[in-house]
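Protein chains: 2
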Amino acid sequence: MSKKLTKRSEDYSKWYNELVVKADLAENSAVRGCMVIKPYGFAIWEKMQAQLDKMFKETGHQNAYFPLFVPKHLFEAEEKNAEGFAKECAVVTHYRLKTDPNDKSKLIVDPEAKLEEELVVRPTSEAIIWNTYKNWIQSYRDLPIKINQWANVVRWEMRTRLFLRTSEFLWQEGHTAHATKQEALEETELMNNIYAEFAEKFMAMPVIKGSKTESERFAGAVETYCIEAMMQDGKALQAGTSHFLGQNFAKAFDVKFTSKEGKLENVWATSWGVSTRLMGALIMTHSDDNGLVLPPNLAPTQVVIVPIYKGEGQLEEISKVANKLADDLKEAGISVKYDDRDTQKPGWKFAQYELQGVPVRLAIGPKDLEKGSVELARRDTLAKEFVNQTEVVEKVKHLMVEMQDTLFDKAFNFRNEHITEVDSFDEFKKVLKEKGGFISAHWDGTAETENKIKGLTKATIRCIPFNSEKESGSCVLTGKPSEQRVLFAKAY
Amino acid sequence: MSKKLTKRSEDYSKWYNELVVKADLAENSAVRGCMVIKPYGFAIWEKMQAQLDKMFKETGHQNAYFPLFVPKHLFEAEEKNAEGFAKECAVVTHYRLKTDPNDKSKLIVDPEAKLEEELVVRPTSEAIIWNTYKNWIQSYRDLPIKINQWANVVRWEMRTRLFLRTSEFLWQEGHTAHATKQEALEETELMNNIYAEFAEKFMAMPVIKGSKTESERFAGAVETYCIEAMMQDGKALQAGTSHFLGQNFAKAFDVKFTSKEGKLENVWATSWGVSTRLMGALIMTHSDDNGLVLPPNLAPTQVVIVPIYKGEGQLEEISKVANKLADDLKEAGISVKYDDRDTQKPGWKFAQYELQGVPVRLAIGPKDLEKGSVELARRDTLAKEFVNQTEVVEKVKHLMVEMQDTLFDKAFNFRNEHITEVDSFDEFKKVLKEKGGFISAHWDGTAETENKIKGLTKATIRCIPFNSEKESGSCVLTGKPSEQRVLFAKAY
Ligand SMILES: [Zn+2]
Ligand SMILES: [Zn+2]
Chain C
1 MSKKLTKRSE DYSKWYNELV VKADLAENSA VRGCMVIKPY GFAIWEKMQA
51 QLDKMFKETG HQNAYFPLFV PKHLFEAEEK NAEGFAKECA VVTHYRLKTD
101 PNDKSKLIVD PEAKLEEELV VRPTSEAIIW NTYKNWIQSY RDLPIKINQW
151 ANVVRWEMRT RLFLRTSEFL WQEGHTAHAT KQEALEETEL MNNIYAEFAE
201 KFMAMPVIKG SKTESERFAG AVETYCIEAM MQDGKALQAG TSHFLGQNFA
251 KAFDVKFTSK EGKLENVWAT SWGVSTRLMG ALIMTHSDDN GLVLPPNLAP
301 TQVVIVPIYK GEGQLEEISK VANKLADDLK EAGISVKYDD RDTQKPGWKF
351 AQYELQGVPV RLAIGPKDLE KGSVELARRD TLAKEFVNQT EVVEKVKHLM
401 VEMQDTLFDK AFNFRNEHIT EVDSFDEFKK VLKEKGGFIS AHWDGTAETE
451 NKIKGLTKAT IRCIPFNSEK ESGSCVLTGK PSEQRVLFAK AY
Chain U
1 MSKKLTKRSE DYSKWYNELV VKADLAENSA VRGCMVIKPY GFAIWEKMQA
51 QLDKMFKETG HQNAYFPLFV PKHLFEAEEK NAEGFAKECA VVTHYRLKTD
101 PNDKSKLIVD PEAKLEEELV VRPTSEAIIW NTYKNWIQSY RDLPIKINQW
151 ANVVRWEMRT RLFLRTSEFL WQEGHTAHAT KQEALEETEL MNNIYAEFAE
201 KFMAMPVIKG SKTESERFAG AVETYCIEAM MQDGKALQAG TSHFLGQNFA
251 KAFDVKFTSK EGKLENVWAT SWGVSTRLMG ALIMTHSDDN GLVLPPNLAP
301 TQVVIVPIYK GEGQLEEISK VANKLADDLK EAGISVKYDD RDTQKPGWKF
351 AQYELQGVPV RLAIGPKDLE KGSVELARRD TLAKEFVNQT EVVEKVKHLM
401 VEMQDTLFDK AFNFRNEHIT EVDSFDEFKK VLKEKGGFIS AHWDGTAETE
451 NKIKGLTKAT IRCIPFNSEK ESGSCVLTGK PSEQRVLFAK AY
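From first to last, the protein sequence lines stand for chains C and U. Mapping of the first sequence onto the working numbering: position 202 corresponds to residue 202, and the numbering continues sequentially without gaps. Mapping of the second sequence onto the working numbering: position 183 corresponds to residue 183, and the numbering continues sequentially without gaps.
Keep in mind the hints are simulated off the structure, nothing from the lab. As the structure is a prediction and not an experimental result, all values here were calculated from the model. Be aware that a few hints might be false.
Treat identical chains as interchangeable: a pair holds within one or across any two.
[What the hints assert, rightly or not] In silico lysine to any residue, SDA-like type, Cα no more than 20 Å apart, as pairs: (1) K324 / T390; (2) K14 / M158; (3) K47 / A151; (4) K435 / H94.
Hey, can you work out the whole structure from these sequences and the hints?
Dropping the structure here:
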C-alpha cells in the first residue's frame, strides 16, 4: 500500500479516511458501521484514557461497571431519553442459535429461545444505572454518588466514519447523584472544565466551552454543557458533553432520599462523556499532508531512533550509541523506540514514522559516529538539525514541551482566525461558504429560527459560549432582538 | 443491612453470596444473569487488570479493540467453535424500536428494522479477529501478531452466580498468529505461565498448571492449557486458560502467509483469557467468616487509619498524627485512607473495613497520643499490637510482604492437603464425599470413562498436570492401563 496521502486541499474527507487507515489507527470491520481499533490507534486511546481516568479519580470519582443490556421496560422509563435513542438501538431478541435443519453447516436463530422481554444494547446507561441507584440511595448520607464507567456503547448509525461516527464506540460515561440542584450543577460544570483542560493540555486542541440550545441537548437533559473544537476544514467538532439532568431520571426511576431535615426529596443527577471520537478530533486538529502529527503528551512513542548503516560492523557501532541514548531518554521519562530491524530500509522507516506522527526522529549514521552527533527531525515543523550526542536528552526534554506548545498555539491561532462575527444573513451565508469556521451571530432564541438556519445552510448552533459578553443585537435571520451572540458552524 | 455473614461451615455457598454483596463488590442487576460491579469490587479488578496488562506488554503484546458483534456467517465459519457457543448466544435481530401504536408510552421492536443478517454478541472473538487477521497477514514479515483485548463478552447462562458465572462478564482475550507450530505452542505455554505467576504472586493463590482433556477443551482448540486453583470448600476453580488453536482458525478463515522459503502456509494460532471470574477465586481463596481477606498486592486500600476521639479538639490532635502517618505511608508506596468521617462510629468502621478486607487497620486514640503509639490490626490473622508511631512505616512495609506470603502459604498448605492419591473407585467416591479437593488418580485416557465418572460423581478431570511424573497404573474406574495420574475434582 502506498504511503502517499491525498492532499488536504484536494479532498479533506478522503485525506482523513486514508490517514486513519495508512497510519494503522483503525479500519472498518465485517460488521456494518463497527470499527477495528488497531494497536497503534489503541495505544493513543490508552494514553487518553489513562489521563482522563487520573483526572476523574483526582476529583473524587470511582469506576464501576453496569450491564451491557437494558431491559426494554427500563429503557422506556425516561420518556425523552427513550425517544432520543429508540431509532438507533440494537435489540437482542433471542438467546440461542441452532443448527439449520436444511443445512447442517449453518446456524439459525432458535425460535424457541425468544426472550420474554427484549434487551436493548446500551446506547447510554442512564436507565440501567438509575434503576440501580434507586437501591443504593435512601438518605443524604448515601450522597453524592460519583461513578464513572469505561464501556462500549452501540448507536445504530446509517452513515459511519472511522472514530467520528461508528455504530459501536468506546467511551466513558460518568453518572452522579446529588442531594441538591446546586451541587449537581457544579458537578456538570466541573466535568466540562476537566474535558476542556484535557483537550487543551493533552490533545493540544483549543476548545470553546458553552451550553447547548434545547434542540441540541442530550435527550433527557435539562442543560447540556459542551466543548467545541475547530477542525482544519472549518467544521466544528463536539469533543465532550456534560449534562445536568435535573430530577428527570430520579422521577422516572423513583429515586428519593431523606434529607438532613427529614424530608423525602428526588435526587439530582448529572452525566458526562467523551468517546473514541476524540481520536478523530486529535487527528484532524494537527495532522498534515505527510500524515499524523501527535502532541508529545499523547504519543505512544515520543522518540524513534533509526540507524543508517552498511554492514553488521557499522550497525554494531551505531547500536552502542543508540542504545545508550535510548536508555538515557527512558530515564528522563521519554518513551523511545530503537528501530534496528534489518527487514526495512531507513527511507521506509522515515516515511512510516512520519506517517504515524512520532514527534521526534533521531537518525545515526557513520558520520555521526565520527562527529559525535545525531540528526534530529521534529515532526511538527519537519525541521532537521544536527545535535551533539551529549545534548540530545536535554534537547528532547525541552522539545516535548516546546512541541506541545507549538501545536496548541498553531491550532489556537487557526481556531481564532476562524471565528467570524457577522451581522446579516447574507454575510452569514457568504462566510460559511467561503471561509467556514465558527460564525458568531445574534439569534432570537427560538428553535424555529435555529431550525430554519439549519435547513438553509446546514449550520447548527454549536454552543452558547460561557465566556461571551452580553450584547444587544438583532437576530441574523429574523431581526428580532437578541441579547448575546451564539456560535454557528457546520459540524462533524 | 446486618454485616454478619453466614458461617462458611454452615453454608459455604450462602456465605459467598452474602460476602460479595455485603462487602460492596457486586450485585445482581435488573438484567437476568448480568451483574453490577460496584466501585470497591471494580477497584480490585482494576488492580488485577493493571498488573496483567503490564505482564502482557512486557512480553511483547499490544492492546487493540475488535467489534462487539459477530455476523452470523463468520460465527459459523469454525465449526467446532460455533457448535460450542451457539447454545448460549445473545442475538441481535433488529436495529430500531418504535412507539407502540396501542400505548404511546411504550416502545416495541420495529419489524421494518429487521437485520438482513443476525449479529451474535461475542461470546469470544476468534471469529471476528481471524476474519480481520486475514487482511493483515500476507508474508512471514507480518508475523507474529500478538494482540490482547480487554472487553465484555456474553454467554447466556441459565444458572448464574456473581463473578463465578454471569451472562455478561469482563475479560481479556489474547489472540496471536504465528509462522510456526513451535512458536505458537511456546506462546500458549508462556501465557499459561504468566497466568500462573499472576495468580501466585498477586492473588496469593497457588495453582496447578496442566492441560485439559479433549472433552474439557475450548471449542475449536487443539490443546487447552489451564491453571486450576482449590477453593476452601474443596471445589476446584479454573482460573485461566491458554489455547493452542493449531491451524483451525486459519483454515476456517483462509489465513495464509508466504514463508521465508516462499511457500504458502496456514498461520498458527493461540488464544488465552482470564475474566472477572478471578474475583470469585480471590474471594473464595482467602476470605473468612468475618468477611473479605485481600492480599496486599491487590488491595485498593492497604491501610486504613481510624481516629478514636471525643470532641473536636481531640480529633484535631489525632488528625495531626494520622495525616503525618498517612503521608509517610504514601511516600513509602502504600495506599492509605484516613477515615475521619463523623457520621460513623469507630466500631462501625472497624466492622466495615474487616468486612472489606483492608489488610492493615491503624487506630489512634487519646492514650496513643500520650504514649506515641498506634494500635495496629492485621486482617489475615486478626492479631493486634501496639506500635510506636515512629516505627509504623517500617512495620507496615514489612507487613505488606509478610501478609502476602502468609496468605499464599496458608492457601498453599490447604491446597496440598487437598490433593489425595486414590487407587480404587470406592476410595475415589469416599474422598470426594468426605474430604473433597483434588483427587489424583489413574485414568484410561478415554472420554467415555471420563464421562462415566462425571455422571457417577459430578467430578471432572480438571487437568493433566504438567509437573507430574509418569507412573504406570490402572484406571480407577475401568482398571485399564494408565501412564499418568490426572486430577479430578468437583469444580466451579
Ligand atoms: Zn523553547
Ligand atoms: Zn517477616
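Quick rundown of the hints versus the structure:
1. K324 / T390: within (11 Å within a copy, 42 Å between copies)
2. K14 / M158: within (19 Å within a copy, 48 Å between copies)
3. K47 / A151: both (16 Å within a copy, 17 Å between copies)
4. K435 / H94: Classified as neither: same-chain Cα gap 51 Å, cross-chain 42 Å, threshold 20 Å.
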